[in-house]
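Since the structure of chain A is provided, determine the placement of chain B with the ligands on it from the hints.
Top line first, the protein sequences correspond to chains A and B.
Heads up: the first sequence begins at 1 in our numbering, then just goes up one per residue.
Heads up: the second sequence begins at 1001 in our numbering, then just goes up one per residue.
For the record, the hints were derived by calculation from the structure and aren't laboratory data.
Take the hints with a grain of salt, since some may be wrong.
Stated by the list, open to error - Which residues of chain B face chain A? A partial, calculated answer using Cβ under 8 Å: (1) Val1020; (2) Gly1041; (3) His1199; (4) Gly1202; (5) Arg1205; (6) Leu1229; (7) Ser1233; (8) Leu1241; (9) Ser1243.
To be verified - DEER-style ranges, computed between Cβ atoms: (10) A:Pro94 / B:Ser1083: 45 to 51 Å; (11) A:Ser225 / B:His1064: 51 to 57 Å; (12) B:Thr1062 / A:Glu54: 50 to 56 Å; (13) B:Gln1140 / A:Ser95: 44 to 50 Å; (14) A:Gln186 / B:Ser1083: 51 to 57 Å.
What the hints assert, rightly or not - Sample of chain B residues lacking proximity to chain A, with all beta carbon distances greater than 12 Å (derived): (15) Asn1003; (16) Gly1006; (17) Arg1012; (18) Asp1025; (19) Gly1029; (20) Gly1076; (21) Arg1101; (22) Arg1107; (23) Ala1120; (24) Ala1173; (25) Arg1188; (26) Phe1207.
Note that CB positions come from ideal geometry on N, CA and C, so glycine has one too.
Now for the letters of each chain:
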Amino acid sequence: MAELLAVRDLGKRYGRVVALDGISLGIAEGESLAVVGQSGSGKTTLGRLVVGLERPTAGSIRYRDGELAHRSRTRAERKAIQLVPQDPLSTLNPSRTAGANVALPLVVHGLPRGRARLVELFDKVDLAERFVDRFPSELSGGQRQRVAIARALATGPRLIVLDEPTSALDVLVQARVVRLLERLRQDLGIAYLFITHDLALVNSVANRVAVLYRGRLVELGPTDSVLRKPQHPYTRRLLSNVAVVDEAEERLKPARPDDEAVDQEFA
Amino acid sequence: MLNVAGLEVVIRRRGTTARVVRGLDLSVGAGQRVALVGESGSGKSMTARAIMGLLPPTASATGHVRFDGTDLFEAGWAGLRGSRMTMVFQDPMSALNPVFRVEDQLRAIARSRERSRLAALLESVAIRDPERVLRSYPFQLSGGMAQRVLLAAALVNEPELIVADEPATALDAEIQQLSLELLARRARDEGTAVLLITHHLGLVRAFAEQVYVMREGEIVERGPTRQILRAPSHEYTRSLLASVPRLSGAADG
Ligand SMILES: Nc1ncnc2c1ncn2[C@@H]1O[C@H](COP(=O)(O)OP(=O)(O)O)[C@@H](O)[C@H]1O
Ligand SMILES: Nc1ncnc2c1ncn2[C@@H]1O[C@H](COP(=O)(O)OP(=O)(O)O)[C@@H](O)[C@H]1O
Ligand SMILES: [Mg+2]
Ligand SMILES: [Mg+2]
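Bound-form chain A, shown alone (with noise of 0.2 Å):
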């Protein structure tokens, strides 16, 4: 498959904050590739970074040909990425009917933004014609998160960043947007670079898993060696603290390491 995203050494500094240092990894065509790691390890600040809402302070980003990183984006760059920012509380204006928020971005592009685009984007997401009318506070979280999809999808992107997509979610929707997030990559071939903090989670939403822990990348490989092989102390502390349901779960899971050495490794 031919890659589509890559950054290479990407950092990105606040002032004496290190929010990333020293990012290499690459996205193919249609393929998922999640991000996990603890609050505050610089999961969104790679999102933000590859979806262009920030510039780095360090490295590359390379689109198809074109190196993003230092200067502003085109207009189709800027369709071709897309975000579906975490916390969908927030995400949505509430002053404004669901159907107006998913055609905000096709205003912004100048695309058709017709009643019929619109019903047409809603149906993507499994939500009925009615509720493009509804305001956000007349949404369920699920329902709210579906609307934030329908928005990111309707400049026809090739990569969408998910960040926490079902975070907020409780595990029977989880189960839904996830299920739903899966048909859509199949169905158009989109990539996504899905962020979340839950280990467990991978397995449904990834094919390879990049594990971030303050800022820097300490493993990234098939979600299936990730997960059963484990390669670095601070993985294995992830997978200790997985919630599981029975004893054969339990048993996939490694001994809790101890913090000195995630923090050894880490040096």
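Showing chain B with the ligands alone in chain A's frame:
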């Protein structure tokens, strides 16, 4: 310690009323760890708020909530809430008052006000530099730190009952596990009764001895956690179980 019988919660909106809790019975003994599990909208938070006397103005409750034998719907929560019974809310940032330093927030509710005791309390919830945290405003704390402060606030008066409503759900698993370990230790060492509210059966398994499964305002299944997880008898419990993501492969809920 806590005994809920025939609890009904009704919410009025747009001229209609919705029964969001329907005839709920539930007990938590001293030192017991009990979980109330169900999908969002099933009425878990309304149950917690009815127990704590913190329902929104549009809601009203009937039935019985007994704390240490006293019916709270008759006697009220004065002298109990915040000291003998406390609650940990889902969203730590919105539960902390943004204009007060952590130290002042804890002092405002704590029976004992010695600084050394507050620092020791913060250490007990795995805060490594309690002096810095005591001086901080909420916005200066990370989400994980704010969650620990909230837990500390719920523990400061050594309550006999703690109701924890989806603590740290949106945060990472490590903070979640840490919160549950701290609550479990309180139950074991101090005999505190703990009611954990969650949608995640993995957390129930890690924490609770007894579990109540709630759906559309009603308890559909209850019993010892091991038994319910091994052999759920209700279809709804099975679907909750099937939706928990698996290390061994995709969830199929
Ligand atoms: N705008 C900002 N200003 C200063 N520090 C920031 C900013 N955004 C993020 N950070 C810091 O960068 C680090 C990584 O944060 P973030 O990318 O949000 O992590 P995650 O999404 O994994 O929780 C944290 O230490 C955070 O405090
Ligand atoms: N402030 C409120 N006003 C009106 N209805 C509400 C309010 N809060 C919750 N509800 C409704 O009450 C029901 C139960 O909600 P809740 O107890 O919050 O569920 P859970 O905590 O299990 O997600 C839901 O149908 C919800 O829509
Ligand atoms: Mg984040
Ligand atoms: Mg709730």
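- Task: Could you check the structure against the hints above and give me the numbers of any it violates, in ascending order?
- Result: Of the numbered hints given earlier, those the structure breaks are 1, 7, 10, 13, 24 and 26, listed in rising order.
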